[in-house]
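Asker: Please construct the entire structure, taking both the sequences and the accompanying hints into account.
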Amino acid sequence: MPLLEVTDLRTSFHTRSGVYRAVDGVSFSLEKGETLGLVGESGSGKSVTCYSLMGLVPQPPGRIESGRAMFDGIDLLHCPAAQLRAIRGKRIAMIFQDPMTSLNPYLRISEQLIEPLLIHQKISKADALARGLAMLEAVGINDAANRLHSYPHEFSGGMRQRVMIAMALITRPEILIADEPTTALDVTVQAQILELIKNLQSELGMAVIFVTHDLGVVSGLCDRVQVMYAGRIVETADTRTLFHSPRHPYTRALQRSIPSLQPKGRELYTIPGLPPDLSNPIAGCAFVPRCEYATDLCRATDPRLLPVDPTQATACLRVQAGEL
Amino acid sequence: MTSPILRLNDVKTHFPVDSGFLTRKRTGTVKAVDGVSLTVARGEVLGLVGESGCGKSTLARTILQLVPTTAGTVILEGKNLTSATAGEILTARRDLQMVFQDPFASLNPRLTVYATLAEPLLVHRVVTAGQVRARVAQLMEKVGLSPQFMEKYPHEFSGGQRQRIAIARALALEPKVIVADEPVSALDVSIQAQILNLLAKLCREMNLALIFIAHDLSVVKHISDRIAVMYLGKIVELGPAADVIERPRHPYTRALVSAIPTPDPDRERTKKRLVLAGDLPSPLNPPSGCAFHPRCPYAQTKCQTIVPPLIPAGPNREAACIRLDEI
Chain A
1 MPLLEVTDLR
11 TSFHTRSGVY
21 RAVDGVSFSL
31 EKGETLGLVG
41 ESGSGKSVTC
51 YSLMGLVPQP
61 PGRIESGRAM
71 FDGIDLLHCP
81 AAQLRAIRGK
91 RIAMIFQDPM
101 TSLNPYLRIS
111 EQLIEPLLIH
121 QKISKADALA
131 RGLAMLEAVG
141 INDAANRLHS
151 YPHEFSGGMR
161 QRVMIAMALI
171 TRPEILIADE
181 PTTALDVTVQ
191 AQILELIKNL
201 QSELGMAVIF
211 VTHDLGVVSG
221 LCDRVQVMYA
231 GRIVETADTR
241 TLFHSPRHPY
251 TRALQRSIPS
261 LQPKGRELYT
271 IPGLPPDLSN
281 PIAGCAFVPR
291 CEYATDLCRA
301 TDPRLLPVDP
311 TQATACLRVQ
321 AGEL
Chain B
1 MTSPILRLND
11 VKTHFPVDSG
21 FLTRKRTGTV
31 KAVDGVSLTV
41 ARGEVLGLVG
51 ESGCGKSTLA
61 RTILQLVPTT
71 AGTVILEGKN
81 LTSATAGEIL
91 TARRDLQMVF
101 QDPFASLNPR
111 LTVYATLAEP
121 LLVHRVVTAG
131 QVRARVAQLM
141 EKVGLSPQFM
151 EKYPHEFSGG
161 QRQRIAIARA
171 LALEPKVIVA
181 DEPVSALDVS
191 IQAQILNLLA
201 KLCREMNLAL
211 IFIAHDLSVV
221 KHISDRIAVM
231 YLGKIVELGP
241 AADVIERPRH
251 PYTRALVSAI
261 PTPDPDRERT
271 KKRLVLAGDL
281 PSPLNPPSGC
291 AFHPRCPYAQ
301 TKCQTIVPPL
311 IPAGPNREAA
321 CIRLDEI
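Taken in sequence, the protein lines are chains A and B. Under this note's numbering, the residue at position 158 of the first sequence is numbered 158, and the numbers go up by one with no gaps. Under this note's numbering, the residue at position 4 of the second sequence is numbered 4, and the numbers go up by one with no gaps.
Since the hints were derived computationally from the structure, they do not count as laboratory data. Each residue gets a CB set at the ideal place from its N, CA and C atoms; glycine is no exception. One or more hints might be untrue.
[As the list claims (entries may be wrong)] Here are the simulated SDA-like cross-link-like pairs (lysine to any residue), alpha carbons at most 20 Å apart as the crow flies:
no.	chain 1	residue 1	chain 2	residue 2
1	A	K122	A	Q112
2	B	K271	A	N199
3	A	K198	B	G278
4	B	K176	B	G278
[Unchecked claim] FRET-style restraints, in silico, Cβ to Cβ:
no.	chain 1	residue 1	chain 2	residue 2	range
5	A	T101	B	G278	19 to 29 Å
6	A	L56	B	S185	18 to 28 Å
7	B	T270	A	V19	46 to 56 Å
8	A	S29	B	Q304	45 to 55 Å
9	B	V126	A	D238	54 to 64 Å
[Said to hold, decoys possible] Which residues of chain B face chain A? A partial, calculated answer using Cβ under 10 Å:
no.	residue
10	S52
11	I191
12	Q194
13	L217
14	S218
15	D266
16	K271
Answerer: Take a look at the structure:
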C-alpha cells in the first residue's frame with residue numbers, strides 16, 4: 001500500500017475575476033522512502049498541490065473542490081483540523097522556497113527549531129534543545145553549539161535553508177515536502193543542500209516530494225518524476241525513462257529548451273505561445289494551443305493519464321494511440 | 001579582433017561601511033569590485049558569472065556609472081567615463097544601456113508600453129515628435145511584440161513579454177553596448193529560451209556588444225563568446241565560453257561547473273562532484289591571499305598570503321591561481 005495516495009485533487013481559487021483552477025484533477029501515489037519529483041513551470045499547480053495536502057491553502061479564496069489524499073487511513077483533505085495538526089509538522093513536514101522569509105526574524109533559531117518537538121512530543125525543553133543541537137550538527141552547521149541561540153539574520157541563505165531542513169526533520173517525519181528548496185540559492189550552495197537532503201533521506205528512510213522547475217535538479221535526486229502543466233499531470237515516469245524517452249509533447253519540448261543540452265550558436269528550441277489562462281475552462285488537452293501534434297480530437301477530448309509503458313504514464317491522446 | 005569598444009582598467013568600486021548612530025565612524029570597506037580589467041569587442045557577447053555577492057551586479061552598475069568608481073577607468077570608445085561630467089555620461093548612455101533582472105520591478109507600472117519606449121527617444125531627442133509612434137512600433141516589432149499592445153500597461157503582460165519591453169527600451173537609442181544583469185533568471189525555462197534567442201539575434205543583427213550577467217552557467221555558455229568568472233570582486237578566470245566550461249582551470253570554476261545539475265540522470269548519478277564547503281565569505285572581511293583559499297580543495301599555506309594575479313592559462317585564457325600548473 002502506498003504511503004500517500006492522492007486521487008482526483010481539484011483546488012481552485014475563487015477571485016473577483018473568476019474561478020482559477022490551479023489544480024485540476026491530480027492523482028498520484030508516493031511509496032515509502034521514495035523521492036518523487038514534481039516538475040512544471042510557474043503556475044502549473046505544483047505548489048498548490050503541496051499546499052492542498054498540508055492544509056495550507058487559504059480558504060477563501062481557495063477551495064478544495066474534490067479529491068482524497070489518503071495517508072495512513074486518514075484523508076488529509078477532509079479530516080478535522082485537529083487531526084491534521086497532529087500530522088502536519090510531525091509525520092509530514094514541509095520546507096519552503098525562500099529561506100529568507102520562512103523563518104521568524106524575531107525568534108532565536110533554537111526556539112523555532114525545537115517548536116515542533118515541544119508541540120508534538122512530551123519532551124522537556126532541555127532534551128528538546130539537545131535534539132535541536134544534534135539536528136543542527138546533522139545538517140552541517142559548523143559550531144552549532146554557539147549558533148543555536150543566534151537569530152536568523154545572523155545566518156546566510158544556505159545556512160537558513162539548513163535550519164529549515166533541521167526544523168522539518170527534527171520530528172523524523174515519514175514524508176518531507178520540499179517546495180523549490182534550492183531555487184533561491186547559488187549553485188554551489190544548491191549542490192550542498194541537495195547532497196544533504198539525499199543523505200538525510202537515506203538515513204531516516206523518509207519519502208520526499210521534491211517540487212522544482214529545474215529538470216537538472218530532478219535528474220540527480222528523484223526516483224520518479226511527474227510533469228505538471230496547467231494544473232494537471234501530463235506525464236509520469238521513473239527518472240531515467242523520463243529523461244531518455246519523454247513521450248508527452250510538453251515534456252519533450254521542455255527538455256529541448258534547456259540550454260545545456262544544445263550546441264552553442266544554434267538557436268534554442270522554444271515552446272511557442274504561453275501557458276493557458278486557468279480562469280477559463282479548458283476543453284480538451286490544455287497543451288493544444290502550443291502543441292505541434294495537436295489534432296481536432298485533442299481539442300475535443302480531455303486526455304487521461306494512462307500507462308503507455310510499465311514505468312510511464314502519459315496524458316496525450318496521440319501517444320496513447322501509438323501515433324507519437 | 002578589432003579594437004575593443006569597452007575597456008575596463010583595474011576598476012575598483014568600494015563601499016564605505018559606517019556604524020554608530022550619533023557619531024558615524026568608518027568601520028570598514030566592502031570591496032565589491034576590486035581590480036577588474038576587461039575588454040569587450042564590438043558584437044561580442046561576454047558572459048559574467050559568479051555567486052550572489054561576488055560583485056557582478058556592482059560591476060554592471062560601475063560600467064554604466066550608476067555607482068561612483070573608487071579607482072580605475074571605464075573607457076567606452078576611447079572616452080573615459082570615470083572622469084566624465086554628468087552631461088558627458090548622459091550622452092555616453094546613448095551607447096551604453098542596461099537590462100535588469102526583474103521585469104516586474106524595472107518597468108514603471110503607471111506608464112504604457114508606448115510611454116516607456118518613447119521616453120528615451122524624447123529625452124535624447126533622437127527623433128522628432130511626429131516620428132515617435134512609428135519608431136516605438138518598430139522597436140516593439142524588433143523584440144517580437146505586436147505594436148497593437150502599445151497602449152497597454154506592464155501588468156497586462158507576462159514576465160517574458162515584460163522582459164521584451166525592457167529590452168526594447170534598452171535598444172531604443174541604438175546603443176553599442178548592452179549590459180544585461182540576470183535578464184532571464186526570473187523566467188521559466190521555455191520563456192528563458194525565447195529571450196536568449198532574441199538577445200542572440202539582436203547582437204548579430206545590430207553588431208551589439210553584450211555583457212551578459214548570470215549565475216546559471218549553462219545559460220551563459222549558450223549565449224557567450226567569452227566567459228569571465230568572478231569571485232569576491234575579482235575575476236578568477238577568463239576565456240572562450242566552451243573552453244572555460246568544458247576545461248575549467250581555476251578551482252573555483254571547476255567547483256562551479258561540477259555544481260550545475262545536468263538534466264541527464266546517468267551522468268548526474270555517476271559524476272564526481274566537487275562540493276565546496278561553506279558559503280561565500282563576507283566581502284567586508286575577505287580572506288587574506290587568494291580569497292578562495294578557505295573553500296579551495298587545493299589550497300596550500302602559500303595561498304593564504306599570495307594574492308594571485310590573472311596569468312595566461314592557455315590560448316586566449318587567463319586564470320588567477322598560483323597552483324595552475326600543479327592541479
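Asker: The structure should be examined with respect to each hint, and the outcome stated for every one.
Answerer: Consistency of the hints with the structure:
1. Note on K122 (chain A) and Q112 (chain A): the hinted pairing holds, with a Cα-Cα distance of about 17 Å set against a maximum of 20 Å.
2. A hinted pair counts as satisfied when its Cα atoms are at most 20 Å apart, and K271 (chain B) with N199 (chain A) qualifies at roughly 17 Å.
3. For the hint linking K198 (chain A) to G278 (chain B), the alpha-carbon distance of about 18 Å falls within 20 Å, and the restraint holds.
4. For the proposed pair K176 (chain B) and G278 (chain B), the alpha carbon gap of about 40 Å is over 20 Å, so the pair is violated.
5. Judged by the Cβ atoms, the range 19 to 29 Å given for T101 (chain A) and G278 (chain B) holds: they are separated by roughly 23 Å.
6. Checked against the hint of 18 to 28 Å, the C-beta distance between L56 (chain A) and S185 (chain B) comes to roughly 27 Å, which is consistent with it.
7. One distance hint, 46 to 56 Å for the beta-carbon pair T270 (chain B) and V19 (chain A), holds here, with the actual separation near 47 Å.
8. Under the hint 45 to 55 Å, the C-beta atoms of S29 (chain A) and Q304 (chain B), about 54 Å apart, fit the expected range.
9. Between V126 (chain B) and D238 (chain A) the C-beta distance comes to about 58 Å, which sits within the given range of 54 to 64 Å.
10. Annotation: interface hint on S52 (chain B) holds; nearest CB of chain A at approximately 6 Å, less than 10 Å.
11. Residue-level restraint check for I191 (chain B) holds (minimum Cβ-Cβ distance to chain A is 8 Å; threshold 10 Å).
12. The restraint placing Q194 (chain B) at the interface with chain A holds, with a minimum CB-CB distance near 5 Å, inside the 10 Å limit.
13. This hint holds: L217 (chain B) has a C-beta 7 Å from the nearest C-beta of chain A, less than the 10 Å allowed.
14. At its closest, the beta carbon of S218 (chain B) sits 3 Å from a beta carbon of chain A; the interface hint therefore holds under the 10 Å criterion.
15. A least Cβ separation of about 7 Å between D266 (chain B) and chain A falls short of the 10 Å threshold, and the interface hint therefore holds.
16. This hint holds: K271 (chain B) has a C-beta 9 Å from the nearest C-beta of chain A, less than the 10 Å allowed.
Going down the numbered hints, you'll see the structure goes against just number 4.
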